[in-house]
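These protein sequence lines are chains A and B, in that order. Quick note on our numbering: the first sequence kicks off at 1 and runs consecutively. Quick note on our numbering: the second sequence kicks off at 1 and runs consecutively.
Since the hints were derived computationally from the structure, they do not count as laboratory data. None of the values given here were measured: they were computed from a predicted structure. For each residue, glycine too, the CB sits at the ideal point set by N, CA and C. Just to be clear, a hint being listed does not mean it is correct.
[Claimed, not checked] Label-pair restraints from in silico Cβ distances: (1) A:Thr310 - B:Asn9: 53 to 61 Å; (2) B:Asn9 - A:Ser143: 39 to 47 Å; (3) A:Ile317 - B:Glu3: 54 to 62 Å; (4) B:Val19 - A:Val532: 50 to 58 Å; (5) A:Leu520 - B:Met1: 52 to 60 Å; (6) B:Asn9 - A:Ser533: 43 to 51 Å; (7) B:Val19 - A:Glu221: 28 to 36 Å; (8) A:Phe669 - B:Glu3: 50 to 58 Å; (9) B:Glu3 - A:Lys297: 23 to 31 Å.
Chain by chain, the residues run as shown.
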Amino acid sequence: MSKTITKNSQKLITVALSGNANVGKSTLYNAFTKKHRHTGNWTGKTVSNELSQSRFYNKNLEFADLPGTYSLLNLSKEEEIARDFLLFNKIGCTVVVCSALSLKRNLNLALQILEINKRVVICVNLLDEAEKKGIKVDLKRLSQNLGVSVVGICAHKKKTLIPLVSEIERTIAFSERPYLKINYPKNLERAVTFLEAPLKKLCQKKINPRFVALKLLEGEEKLILKAEKELNIKILTKDIKNDLQTARLLANMSPNEIKDDIVSALFKRADEALEGVITKEQKKDKMLKIDKILTGKFSGLIAMLLLLMTVFYLTIIGANYPSQMLSNLFSIAEGYLESFLSLLNTPPFLKDLICFGAFRTTAFIVSVMLPPMAIFFPLFTLLEELGFLPRIAFNLDRPFKATGACGKQALTMCMGFGCNAVGVTGARIINSPRERILSIITNSLVPCNGRFPFLIFLITMFLGTGSKSSLVSAAFLSLCVVVSIIFTFIVNSILSKTLLKGEASSFVLELPDFRRPLVLKTIWQSISQKTVSVLFRALIAAAPMGVLIFILANTSIYDKSLLMYVVEFLNPVGELLGLDGAVLTAFILGFPANEIVLPIIVMIYSFGGVIEDSLSNASIKELFVNNGWSVLTAVNTLVFCLFHFPCSTTLLTIKKETGSLKWTLVSFFLPLLLGMAICIVNKLIFSMF
Amino acid sequence: MLEITKLSNIKPFKTARVVKVNINGDMRRRFLDIGLIKGEIVKRLYNSPFNDPVAYLIRDNVIAIRKKDSDNILVEVEKDYE
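Only chain A is shown next, with the shape it has when bound in the complex (with noise of 0.2 Å):
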């Protein structure tokens, strides 16, 4: 068959991805594709299209994969962008990708698509986990129960994936069927039926007649001028709107009536598709006892601390001794860098810009930075991949309620750990608009990945000494992030008080069932994709910063180094806040990562803007105190990184994501303002001491 479409054509062919959230269609595109797109075990982890080539079995596919949606009635933004893809794009076969765990609801999704698409292949994943639970699906007859291909799947053994690629090749070949017609209560029936027969010519076979008739009666006019618009054609004649009238009188429904109506047919027919498909055997399920503990009563509090802390631990007592052997690697290595440019005869000056400025800077960024992060960001996965961030959001949805947000904004902090700029992203999964900005403006109290290392390094230095070091540091840790919570939660309700008036809305949050996360290639998948993009990040930001500081520093007016006349400046600024011009100098040369603000603070404090050969912690400690810090300056420093502007690139994603100005220059004030006044009270408290 495949050489069939070689010959054809020499296009890709694409083959859209579809499915409700949580089914594992990400895991599926990743099976099928170059990319690697993070997969997670909760709903919105894919908020836009992503095309790339298929890497296996038939290398003329292009796979996309669409946002995971409940329905394609367009409440979100996310399932107007698929369901725009399924009716405007040269598809040539879409696959909805259920579970077999949770037919019963992902037909419905199913249903929508098979009206307004002709060429479909039902795959059925996650059979292994299914048959576990004691469920059995007959595939064969869902298949002729709906007369359409249905294939089944487990997509994360690529054995399986073998039937669907030909399935899918055989249907972008010959079968193309009808569109599924639903039968609909009487009167909209009626009402359908007459609509469409004058709307079939005018649809000109691009677009299903049907589903034009059903979107008009619904009142969804924006979609049928889009749809004139993408498929060059004309639907709104007046002959049209003279039908819909009298459609409508035959319909004699409202909106709201009509809508049910649709619903539960759907759900109807899906019913009857499923008829003698699932077989239950009655097994007990262990999983609502886990879930029972980890969303208790005080056991779901407790949890979620308890895996907070043990992730930090692990961390921090597992970077240490990786970062000491990298950071002696590389001094070795820049004697070589150093004899190397001497052989060279390279002027002094260039020689000491490169060594010093941007090798050394970049040196230690990656010896500081990376041991944390390729520890957290994999443990952080695994309890994502495990299922066990929904459960969060559920546990805290009461508090943030309080406050006038929803839960889902815990997901959103979720991924601020990572990325913020992800986490801007990521709020789309919020319905009301209120509480998506809501949770973009408060989402960098979250200390972001690019933190944490500087936030490990200052608690481990100043705080967590004593016998029991790693744990004290890590009880730390989670102090900062319980901290940062907290005040995600004033600045919600101060928010929606003010600037964002008014209340929670509706909220439901699907809870999907635990996964067995498959360890070593989520570890290995975490290091090789995110960690390394982050690290890629903070070290096009180090050595042009490292280079420049060096020049500062080395370049003198009247006796004084520029970097000198600067940190001096900020020095006022300061000392009222418990910090020192130097500290302030390196967060706002952080601006476009905050990765490299404390190898900076170290640049400015060594004589002549350069890093101290092979520094260790203890001797990063000393220079610091002998640059005047003290707890105080630690403790200060530590909330500063906590609360002050975002990066910039969060910063420009904020303006994207919300297209106001005035949104992001709030949430460029509003963490400063707030570390700043949490810096004075520091201050002032630590001065009655």
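Start from chain A and add chain B according to the hints.
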């Protein structure tokens, strides 16, 4: 005997049949899409730590709904004689 009550009133691990969803606007659609339509069977599962929201089993999926919303969903239950 059957009695009509709010979804929020049913007891843990009891089932009920949906009679009416009194939620309007955009969110109505969301509730319909998860399967809260007339005649559907719903089972209450567990509460969250602060007792709101509550997890329900709807069409084989576990869905959390706030009390504010489940107050507006009417269901039919077997009357308790206990």
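Going down the list of hints, with the structure as the test:
| no. | hint | in the structure |
| --- | --- | --- |
| 1 | A:Thr310 - B:Asn9: 53 to 61 Å | violated, 39 Å |
| 2 | B:Asn9 - A:Ser143: 39 to 47 Å | holds, 42 Å |
| 3 | A:Ile317 - B:Glu3: 54 to 62 Å | holds, 58 Å |
| 4 | B:Val19 - A:Val532: 50 to 58 Å | holds, 55 Å |
| 5 | A:Leu520 - B:Met1: 52 to 60 Å | holds, 57 Å |
| 6 | B:Asn9 - A:Ser533: 43 to 51 Å | holds, 50 Å |
| 7 | B:Val19 - A:Glu221: 28 to 36 Å | holds, 33 Å |
| 8 | A:Phe669 - B:Glu3: 50 to 58 Å | holds, 55 Å |
| 9 | B:Glu3 - A:Lys297: 23 to 31 Å | holds, 29 Å |
The structure fails hint 1 only (numbered hints given earlier).
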